[in-house]
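Novice: In order, the protein sequences belong to chains B and R.
Residues in the first sequence are numbered consecutively from 1, following our numbering.
Residues in the second sequence are numbered consecutively from 1001, following our numbering.
Derived by calculation from the structure, the hints in this document are not laboratory data.
In this text, all values refer to a predicted model and were calculated from it rather than measured experimentally.
Cβ coordinates follow ideal geometry from the N, Cα and C atoms, glycine included.
Careful, some of the hints might be misleading.
Pair by pair, the computed Cβ-Cβ distance ranges are [unchecked claim]:
#  : chain 1 : residue 1 : chain 2 : residue 2 : range
1  : B       : GLN64     : R       : SER1093   : 37 to 47 Å
2  : R       : LEU1159   : B       : GLY85     : 24 to 34 Å
3  : R       : LEU1081   : B       : GLY85     : 35 to 45 Å
4  : R       : GLY1166   : B       : VAL130    : 45 to 55 Å
5  : R       : SER1203   : B       : ASN211    : 21 to 31 Å
6  : R       : VAL1021   : B       : LEU182    : 23 to 33 Å
7  : R       : VAL1300   : B       : GLY197    : 43 to 53 Å
8  : B       : LEU44     : R       : LEU1159   : 30 to 40 Å
9  : B       : LEU44     : R       : ALA1134   : 16 to 26 Å
10 : B       : LEU51     : R       : LYS1003   : 51 to 61 Å
11 : B       : GLN64     : R       : ARG1277   : 50 to 60 Å
12 : R       : ARG1070   : B       : GLN64     : 49 to 59 Å
Heads up, simulated DSSO-like pairs for lysine-lysine below, C-alpha to C-alpha not over 30 Å straight-line [stated by the list, open to error]:
#  : chain 1 : residue 1 : chain 2 : residue 2
13 : R       : LYS1123   : B       : LYS83
14 : B       : LYS185    : B       : LYS125
15 : R       : LYS1234   : R       : LYS1220
16 : R       : LYS1003   : B       : LYS125
17 : R       : LYS1234   : R       : LYS1218
18 : B       : LYS34     : R       : LYS1123
19 : B       : LYS26     : B       : LYS185
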Amino acid sequence: MDAWTLEQRGLAGVKRRLRREQRQLKLRRFFRSKQAVIGSLIVLLLALAALLAPVLAPADPLAQTVSDRLAAPGGEYLLGTDKLGRDLLSRIIYGARVSMIVGMSVGLSSMVFGMIVGLYAAYYKALDNVLMRICDGLSAIPSTLLAIALMAMLGQSTFNVILALSIVYIPRMARIARSSALIVKEQTYIEALRSQGASSFRIIWGHIAPNILSAVVVQASYNFANSIITEAALSFLGVGVPAPQPSWGNILSEGREVISSAWWMIVYPGLATALAVMGTNVFGDGLRDILDPHAN
Amino acid sequence: MLKYVIRRLLTLIPVLFIVSVVIFLLIHLVPGDPAAVMLGDQATPEQIAALRETLGLNEPLVLQYVHWVRDIFHGDLGTSLFMSGTMWEIIRSHMIPTVQQTLVAIAFATIVGVPLGMLAAVKRSRAADQVISAFSIIGVSMPSFLMGLGLVLLFSVKLGWLPSSGYKEIGAYGWGTHIRYLLLPGIALGFIEMGLIIRMTRSSMLEILGADYMRMAKAKGVSRFRMFARHAMKNALVGIVTVVGLAFISCLGGAAVTETIFNIPGIGKLTLNAVMRRDYEVVQAVVLVVSLLNVLCTLVLDLLYGLIDPRVRME
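Please build the complete structure, drawing on both the sequences and the hints.
Specialist: So, in structure tokens, the structure goes:
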């Protein structure tokens, strides 16, 4: 762009153009990254399955047909039935709902609260010690064990799974948000803002927050992936999503009881879980390459 | 070094304080009266009142915490509603199978992970490296319950080579049977750690292979084998020891899943049984002990680090 057009458009125009170029760059990086494309396709697929479960599922996931207990795959039931004669395919499709709801809620809540904690810890030195010691303490308890203990006390429900996993993942997010924010805080433009008399609130949310967003979003995508695994593990152990409601974890748990006679009860929900885990992890890797290329 | 040790020990205080507060507060997360929930529908008001008294629930919260911590320092971790013996005995007897399983897991992860990681580094960017790297990605992202179920399906149900569940003590059954029963749970538990060890070994090996002293060794005319065994291995070991140490901690905390699949009476199974029976004091005690072990292991690792690498002490 030559000087003449620069003057013509003014500073606002230049800003807009720069922003557009950045967006295009990110988009180009996205489509060039095989991981990001494959990952987001898988996540999209799962989200669609979760959203359209009532349309896609061939049967009611809770309807029991006693005469068709543990029917092998094929025929009327594409993926077979469980020991209560419920259609496995429908249960897996509805199970995607639980995984997606838990994954997205935990990803989002850990992002929001982790960012709040991390930003304020980085900005106010006095808060830093208190908040970070709390995070240290929480992360000193092994995460699976903490999640199990929390579920034991709170009681089984999808909401409590989200609550427990958020408590487990917020400290890690806070740590990442804090360390990114500490770097941003030392930049000259933050000093300039402060000397202009900008309020702390404006500096934190208007100027530091947007600059740490990439790192936070990348971590949120990993939390999304990890909470899908942990939810499945908790439900598998019988302390996650309660029984009649299908979740991949509790389908697998029922499958374990009939593992020697009904392989499909393990293989299909297992494949669904593996696909989701791989997909969300690859999605996270792709996202990192696009948003936070220096992290790798 | 002494200054480093003291500084490191001081950082433990706030961590232990927070851990204890969190675990103490767990029981207060129970909706309603914990004593009533623990005893179930059949309990009489007198029984509930008595349990409230033993749990100390009638005191103010801060006082409850102070008493709870005091009891812990006196070696009293609370009592189980269903199991006899002191809490220490209960935890110790359940800890043994978990530690044995963890040792098998670590052995598997190290024996498979370290050579594969080294091979990948030496054959960098070639087919072997790509296959191994893909394998390690699968390892890292495969949840242990899927791995465990898959192993049972393949090796027990389909091939019939290994037992699908159970735990056999060394004393009563001998080493052979003992290990045979721990093989599948150990592999399931150690698979993720194997993936991590491959990654770590590969990257630290690559760093070392590109280092100046390796070029120097090559220029001196040191043989390929000697270069590898004497110069590279020694330096790679520091990183590998750390990963193995961390793997040990995460296996201890994550054994609940494999113990459920393979029906091993370990610490994870103890926790889950306590959860099902609302034996909350057992849950608190187990979480406390495992967290303390975790903190202790991290401390030992950090001190080892300081010992091996003087730069760490200066930070």
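Novice: Against the structure, test the hints numbered earlier, and report the numbers of the ones violated in rising order.
Specialist: Result: hints 11 and 13 break, sorted rising.
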